[in-house]
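Same order as they appear, the protein sequences are chains X and S.
Under UniProt numbering, the final residue of the first sequence carries the number 276; numbering is consecutive throughout.
Under UniProt numbering, the final residue of the second sequence carries the number 288; numbering is consecutive throughout.
Some hints could be false.
Stated by the list, open to error - Stretch by stretch, here's where chain S covers chain X in the computed footprint (C-beta under 8 Å, at least three residues):
#, region
1, 13-19
2, 90-101
3, 193-202
Source of the hints: derived by calculation from the structure; they are not laboratory data.
Cβ coordinates follow ideal geometry from the N, Cα and C atoms, glycine included.
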Amino acid sequence: MARAVTTKRKSINTIAAWAVGLLIFFPILWTILTSFKTEGQAISDPPVWFFFDWTLENYAVVQERSNYMKFLWNSVIIAGGSTILGVIIAIPAAWSMAFVPSKRTKDILLWMLSTKMLPAVGVLYPIYLLFIKLGILDSRFGLVIVLMLINLPIIVWMLYTYFREIPGEILEAARMDGASLKEEIIYVLTPMAVPGIASTLLLNVILAWNEAFWTLNLTAANAAPLTAFIASYSSPEGLFYAKLSAASVMAIAPILIMGWFSQKQLVRGLTFGAVK
Amino acid sequence: MATKQSRSAARMMMAPAVTLLLGWMLVPLIMTLYFSFRDYRPLSGGDRGWVGFDNYMRFVTSSAFWPSVQTTLVIVGGVLVITVCLGILLAILLDQPMWGQGVVRILVIAPFFVMPTVSALVWKNMFMDPTNGLLAHLWRFFGAEPVQWLSQASLPSLIMIVSWQWLPFATLILLTAIQSLDSEQLEAAEMDGAPSLKRFWYIILPHLSRAITIVVLIQTIFLLGLFAEIFVTTGGAFGTKTLSYLIFQRVLESQNIGLGSAGGVYAIILANIVAIFLMRIVGKNLDA
Numbered sequence: 001m002a003r004a005v006t007t008k009r010k011s012i013n014t015i016a017a018w019a020v021g022l023l024i025f026f027p028i029l030w031t032i033l034t035s036f037k038t039e040g041q042a043i044s045d046p047p048v049w050f051f052f053d054w055t056l057e058n059y060a061v062v063q064e065r066s067n068y069m070k071f072l073w074n075s076v077i078i079a080g081g082s083t084i085l086g087v088i089i090a091i092p093a094a095w096s097m098a099f100v101p102s103k104r105t106k107d108i109l110l111w112m113l114s115t116k117m118l119p120a121v122g123v124l125y126p127i128y129l130l131f132i133k134l135g136i137l138d139s140r141f142g143l144v145i146v147l148m149l150i151n152l153p154i155i156v157w158m159l160y161t162y163f164r165e166i167p168g169e170i171l172e173a174a175r176m177d178g179a180s181l182k183e184e185i186i187y188v189l190t191p192m193a194v195p196g197i198a199s200t201l202l203l204n205v206i207l208a209w210n211e212a213f214w215t216l217n218l219t220a221a222n223a224a225p226l227t228a229f230i231a232s233y234s235s236p237e238g239l240f241y242a243k244l245s246a247a248s249v250m251a252i253a254p255i256l257i258m259g260w261f262s263q264k265q266l267v268r269g270l271t272f273g274a275v276k
Numbered sequence: 001m002a003t004k005q006s007r008s009a010a011r012m013m014m015a016p017a018v019t020l021l022l023g024w025m026l027v028p029l030i031m032t033l034y035f036s037f038r039d040y041r042p043l044s045g046g047d048r049g050w051v052g053f054d055n056y057m058r059f060v061t062s063s064a065f066w067p068s069v070q071t072t073l074v075i076v077g078g079v080l081v082i083t084v085c086l087g088i089l090l091a092i093l094l095d096q097p098m099w100g101q102g103v104v105r106i107l108v109i110a111p112f113f114v115m116p117t118v119s120a121l122v123w124k125n126m127f128m129d130p131t132n133g134l135l136a137h138l139w140r141f142f143g144a145e146p147v148q149w150l151s152q153a154s155l156p157s158l159i160m161i162v163s164w165q166w167l168p169f170a171t172l173i174l175l176t177a178i179q180s181l182d183s184e185q186l187e188a189a190e191m192d193g194a195p196s197l198k199r200f201w202y203i204i205l206p207h208l209s210r211a212i213t214i215v216v217l218i219q220t221i222f223l224l225g226l227f228a229e230i231f232v233t234t235g236g237a238f239g240t241k242t243l244s245y246l247i248f249q250r251v252l253e254s255q256n257i258g259l260g261s262a263g264g265v266y267a268i269i270l271a272n273i274v275a276i277f278l279m280r281i282v283g284k285n286l287d288a
């Protein structure tokens, strides 16, 4: 920590890191810039960088052409709904595994994770068929259920990791002081569990927001979220760079901003606390 | 600490999650198995009954099968190698003292939040397009003939797009691991005159092994099911058909449920071989 670093070395590090950082970020930056250009400027060779007539026209066109708000709303409902439902189901499970561990706890956890290994495409048709039979194909409800199920193992794992970090001594101390189970849960456990639950919610919203296989295959017109909205721009008639860029920015902006704000919690969540 | 009462309460609390996941696993799996033994084409003739192992034989002997397995392994392996190697380098770089570290980190992790459909489309059109893409501009600027990225170098292009998406994840995890490294140990090695390459090999790399395991595990889970990137770029053409994409085409595009289901069973077997291997490592690292 206290190693003396020369200014020269620090400068070199800074230049190298910024160069790499900008290189990695470049596609996103370029997309954002392009979204404010006219179609002509978007494909001009040599490319124009910052000095062009900035316009909001593309955003207006995208909204007009494909009703962005409806897709956005679907994304919000599906990502939010599946996450909340998943957490409600996962909390008791993770809770009991963390506080009342048995010999089989580890096996159950690994088994749960192994369901993530089930190739989605291998079970696509059965789900498709079930959805038709149940009348929930192309419905937000159906997608909420599927995304909840595919993310449930991760939610359980994350919550389990967080809950396990709550020291048992504190519980015992509270019990010694005569706290009832109800008081124990409300005043001792909940405050300690909230940060973990919050970052679990966050990561799962991101995962669900970006999930493409099930959303593309199980929705058509009604329940299509932003992943499907943007895929519609892959058709040849949608090949306008400035509009594609505007649509892209509109699809990723909410989750990008959310991700940036939560990057610290994200690391712990992503690694199930195995890396610190 | 655990009493009989708390044990049964725990079982009750676990029941919903376990039941749902069990159902999620078993119901479609049994249906897939059932379909895989039938000649079932909804658009032409419907369910024409039991055919034994016909679908399995046909799937394996079809000319697309082995190339698709190979493509799957090349993509997963390629992305893993690139993201882990570059991730380590990038993590070491980002760990150095510098100005504006927080901002650089935000720049580096951004691709992770970008929807796969968006990232694939942006790369395909704005960068890899042979006439108007930025890379084509760059090639022409140097007087070279622009590359038809997605048709001539389809696999490397795809690997590159997917690596761009997953590099932030690898970097973030590895950076966190590097930051927990005991700097005194490194300093002592430096004092003793160990060259930086040796310090990296004998101190940093072993320290990262667990983080690397996690990166490989999680990325493998997601990469085996790679879909959106192929769907919007090549649509499985030009040798980019992975096993899951091949099955997807059999099931949805040619509506041959029996054949697709047999393929699904193969994919499940492949995934489980990988899973057993990975689970062992994770199980070992898990002190539950």
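- Message: Please verify the coverage claim for the region 193-202 of chain X: does it have three or more residues whose C-beta sits within 8 Å of some C-beta in chain S?
- Response: violated (count 0)
- Item | Verdict on chain S covering the region 90-101 of chain X, criterion of 3 CB contacts below 8 Å | holds (count 9)
- Item | Outcome, coverage of the region 13-19 of chain X by chain S - at least 3 residues whose beta-carbon is closer than 8 Å to one in that chain | That given contact holds, which follows from 5 residues of the region 13-19 of chain X lying within Cβ reach (below 8 Å) of chain S.
Checked against the numbered hints given earlier, the structure breaks only hint 3 and satisfies all the rest.
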